[in-house]
Amino acid sequence: MSVLVYTESEEGKIKKVALEAVSYAKGIADQMGTSVTAISFNANDTSELGKYGASKVLEISDDKLKKFNGEAYADAITQAAKNESAKVIVLTSSANSKYLAPTLAIDLNAGYVPNVVELPESSSPFKVKHSVFTNKAFAVTEISTDIKIVGIGKNSYGLKENETSVTKESFAPNLDAHDFDMEILSVDKATDQVSIADAEIVVSGGRGLKGPENWGMIEDLAKTLGAATACSKPVSDMGWRPHAEHVGQTGKPVASNLYIAIGISGAIQHLAGINASKVKVVINNDPEAPFFKAADYGMVGDAFEIVPQLVEKLKEFKAQNN
Amino acid sequence: MYIHSKGYRNFQTKNIFKMKILVCISHVPDTTSKINFTEGDTKFETNGVQFVINPNDEFGLTRAMWFKEKQGATVHVINVGGPETEPTLRKALAIGADEAIRINTPATDGFSVAKQLAHIVKEGGYNLVIAGRESIDYNGGMVPGMIAKLTGNNFVNTCIGLEIEGDVATATREIDGGKETLKTSLPLVVGGQKGIVEESDLRIPNMRGIMQARTKPLTVKEPIDANAETKTVSFAKPAPKGPVKLVDSVDELINLLHNEAKVI
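The listed protein sequences correspond, in order, to chains A and B. Residue numbering for the first sequence follows the working numbering, beginning at 53 and increasing consecutively. Residue numbering for the second sequence follows the working numbering, beginning at 32 and increasing consecutively.
Read the hints as simulated data drawn from the structure, not as lab findings. Hints are supplied without guarantee of correctness; some may be wrong.
Claimed, not checked - Mimicking DSSO-like on lysine-lysine, the simulated pairs with C-alpha atoms at most 27 angstroms apart in a straight line are: (1) A/Lys-212 <-> B/Lys-65; (2) B/Lys-65 <-> A/Lys-345; (3) A/Lys-134 <-> B/Lys-262.
Please read these numbers as outputs of a predicted model, since none were measured by experiment.
Put together the whole structure using the sequences plus the hints.
Next up, the structure:
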């Protein structure tokens with residue numbers, strides 16, 4: 053018996069979401085009186101996983117798996133789960149995890165609950181709390197199958213250090229031709245920008261910015277903070293910004309530590325999508341904007357004056373604090 | 032790919048390979064809905080809630096209409112649910128789908144729904160299944176992937192671009208921090224979202240469409256045996272939030288974010 057956790061890496065480096073997943077897996081393993089096994093694909097150094105509670109790491113090193121491949125990754129995880137007699141599989145809310153989860157659920161006859169926000173409230177019966185209605189509510193759901201799959205919501209558990217002595221094993225799953233049916237023609241990733249999925253801070257602009265030509269100051273602010281840029285639905289619908297930046301109920305969810313909304317009124321769909329963020333700041337010239345009811349900190353005023361000042365003062369602040 | 036004259040290509044798509052599309056439609060509360068629960072927080076309160084086609088499904092349906100109009104595909108829509116979901120299926124017919132199917136059983140969990148749908152995919156010989164990336168009610172995001180696995184079909188999730196030529200599909204999917212373009216083949220299951228068509232491509236049913244939808248076939252089928260693997264036992268609303276702290280200067284804001292919220 054064990055808890056198996058999929059640890060995502062990028063360019064050989066373990067991602068932060070993977071460390072959160074290991075922290076969570078350790079929490080479940082402690083509840084169940086068992087240990088955590090992590091599985092990694094082409095990561096250069098997995099030692100860090102022990103720091104968050106993994107006792108064993110199955111290291112896959114295979115050039116064919118350099119790029120994410122849903123079929124092959126799911127096959128590998130399924131084989132690992134069987135070898136390890138895993139009772140719980142921990143995934144995250146990353147695009148790759150969400151791709152893998154349903155496939156694993158069928159392969160392992162396992163019930164799956166995504167967007168989980170806490171450790172199980174009981175492990176027998178296995179009940180977990182997860183967000184539903186795009187963060188407008190929570191549900192507690194019982195998984196009745198022998199093997200359970202949980203996908204944890206980003207930033208909902210956090211990193212919890214738990215120094216554990218870790219054994220590394222190389223693992224070579226049996227992959228067949230069918231695993232490589234799909235041909236990846238191209239991958240287009242902005243390497244100089246922080247993605248919304250990985251960002252600790254997100255700076256987001258709305259219609260109040262009047263036009264795409266005014267996004268320079270949003271980008272400046274994001275750059276100063278090491279943040280990702282995002283936008284509201286009307287802004288993406290009008291083509292001011294790419295779809296990939298649209299956050300909200302029908303766009304991307306945001307679960308960052310800090311979300312700064314500039315010139316966004318705060319429609320219910322937008323607020324739902326960003327609700328999982330820990331601290332919300334609104335800058336808007338309309339004190340009646342609904343966002344003020346959802347935010348932690350607010351400034352009423354003209355974004356065209358406030359944002360450049362904020363960029364300048366933050367640069368001074370960063371210079372002093374670094 | 033060979034370069035054919037336009038006429039020959041049409042001949043190919045129409046007579047040699049016929050696209051038969053099944054679009055899975057979730058019946059969900061409108062995005063503006065306030066969410067409340069009833070019966071001791073065990074049931075979603077549907078009173079006063081307007082139901083719509085799940086937005087992610089509507090993007091996929093609109094793409095399916097394009098395949099119908101440009102490449103001669105047939106388009107069926109399907110929903111797993113009670114009779115109360117039929118207006119949502121009629122709306123999909125009014126948008127232009129040819130036929131609708133309702134599996135007469137409540138949608139209890141993702142797995143049981145996927146099993147019902149996979150059965151119809153096999154029985155009906157559909158070679159392209161388009162479902163939304165996730166429904167905006169329970170955000171499960173598992174049905175398209177499960178259908179793919181249960182039917183043995185190829186799968187592309189978070190799809191933001193789809194072209195089909197014969198039985199070859201070129202699909203773009205959103206990944207964290209970018210996108211990826213893949214080549215695959217039918218039969219295929221797609222989890223679609225905004226981007227597979229643009230928001231401005233979405234169609235509001237016109238009077239002619241609504242009239243036609245009334246006479247298009249809506250078949251009610253009884254479910255197959257499919258056990259749920261998960262069961263929601265209770266719901267809760269997020270704890271009410273304290274009032275916003277209004278600040279007058281950016282200095283004060285930076286100070287609070289650093290010393291109080293500790294996020295910078």
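Structure versus earlier hints - violations, ascending order: 1
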